[in-house]
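Protein chains in written order, with our numbering: chain R, 32 to 216; chain E, 2 to 181.
Please keep in mind that the hints were generated in silico from the structure rather than gathered at the bench. If you're wondering where the values come from, they're calculated on a predicted model, not measured in any experiment. If a hint is listed, it holds; no wrong ones were tucked in.
Here are the simulated lysine to any residue pairs, SDA-like style, with alpha carbons at most 25 Å apart:
#1 R:K74 / E:K40
#2 E:K145 / R:L55
#3 E:K145 / E:E6
#4 R:K79 / E:D42
#5 E:K61 / R:S82
#6 R:K74 / E:T82
#7 R:K79 / E:R20
#8 E:K54 / R:S80
#9 R:K74 / E:E5
#10 R:K79 / E:N9
#11 E:K63 / R:L77
Just so you have them, the derived chain R footprint on chain E, three or more residues with Cβ under 8 Å:
#12 40-53
#13 107-116
Quick list of the computed label-pair ranges, beta carbon to beta carbon:
#14 R:E131 / E:N9: 29 to 35 Å
#15 E:K28 / R:Q83: 22 to 28 Å
#16 E:E130 / R:E67: 31 to 37 Å
Glycine is no exception: its CB is placed at the ideal position from the N, C-alpha and C atoms.
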Amino acid sequence: MKPQKYNSEFQTPDSYFENQKRKLHIREGLDFSVPENYFEDQKNNLLKSISQFPKRKSLINMGWVIAASVAIVVSMIWKTNNTKRINPIALHQASEILAEVYIESPKFEISTPDISLDNSTKPNEQKESIEKKENISEKSSSEEAIKESSELEEKEEVLESIYDIYVDEPMQNSENQFWYDENSL
Amino acid sequence: MKDEELLNLIAESPNQGYRILLELYQKPLYFYVRKTVLKHDLADDIMQNVWVKVFKNIQKFKRKSKLSTWLYRIATNEMYTVLKKEAHNQKMSFEEYSEKNAENLAQDSYFTGDEISNLLYQSVAMLPEKQRKVFQLKYFEEKKYEEIAEILDTSVGALKASYHHAVKKIKENLPKQMSI
Chain R
32 MKPQKYNSEF QTPDSYFENQ KRKLHIREGL DFSVPENYFE DQKNNLLKSI
82 SQFPKRKSLI NMGWVIAASV AIVVSMIWKT NNTKRINPIA LHQASEILAE
132 VYIESPKFEI STPDISLDNS TKPNEQKESI EKKENISEKS SSEEAIKESS
182 ELEEKEEVLE SIYDIYVDEP MQNSENQFWY DENSL
Chain E
2 MKDEELLNLI AESPNQGYRI LLELYQKPLY FYVRKTVLKH DLADDIMQNV
52 WVKVFKNIQK FKRKSKLSTW LYRIATNEMY TVLKKEAHNQ KMSFEEYSEK
102 NAENLAQDSY FTGDEISNLL YQSVAMLPEK QRKVFQLKYF EEKKYEEIAE
152 ILDTSVGALK ASYHHAVKKI KENLPKQMSI
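Chain R extracted, bound-state conformation (with noise of 0.2 Å):
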């Protein structure tokens, strides 16, 4: 068999190219431009204010020592009132507060939203409650659509006829708005 034979079978229309590329300039974000240096500027600025996070984690930790050292003297004082002498179930107590504000204080540092994504912390019960009351409607009035979008996986050509609707379009600009700029790929 003549090897053009499986070229005129195969051809891929003129409009994949075309597609391929435009959402390549799309997916590298070349439909939008930054000021100059942004990135090398950004990076500096967060790579410094990095060498700041230990500082201030100490800081905060003093803080909490002092914090717990109060609660300690307060502590004390409130259940030694009445003996004049130190209570040594206080001191116990204290003592285990000390440790807890200890364990605990890393917590009062952060305070980022929901972005674990361990499993062992998977979203709990509630949380895909909430989650499948918000899908309710989509999914029943979907059904069908799901079975569809499984063969969209595969096949992609939703997404494709997306790209014909531009191909398909006549370009209204010339050479300065083309889809893409050669070069940049």
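Given chain R, put chain E in place with the hints provided.
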């Protein structure tokens, strides 16, 4: 560099590790955020917050997912939180704010796309939040459904349905917008 190696490097030599982390993910994450929020200033603010959160929490990352998945999750959460705050500050609904934001895209001096790009971003901005998130990650970032499910903390089935709806809406909206 593999995730494992990078995370070990960050633990042993933070400055060097963070530098490599930034070199690997700074641009992809920025443009992921930028394609959603559209404005550079907003994307810049969001990325500052994202990186601070990453640096503060990376030691707690238990390595049970891909590092990129974790980073995209933080970026996604942060940008939608900021977008909602912005909408609230301007006394608009999230949808109204997104639509208005996208309409002004053409006037942005940092937007270098053409008219069709502009219309596509506008169409995406008009999608409901969940469909928009899925579309951004699937279409623009070319993530697999399994990874998107981890980033958005939802099921693959729901994602596929959302993506299907999103594509359908964009297919309907684009020709209308082009004819305007």
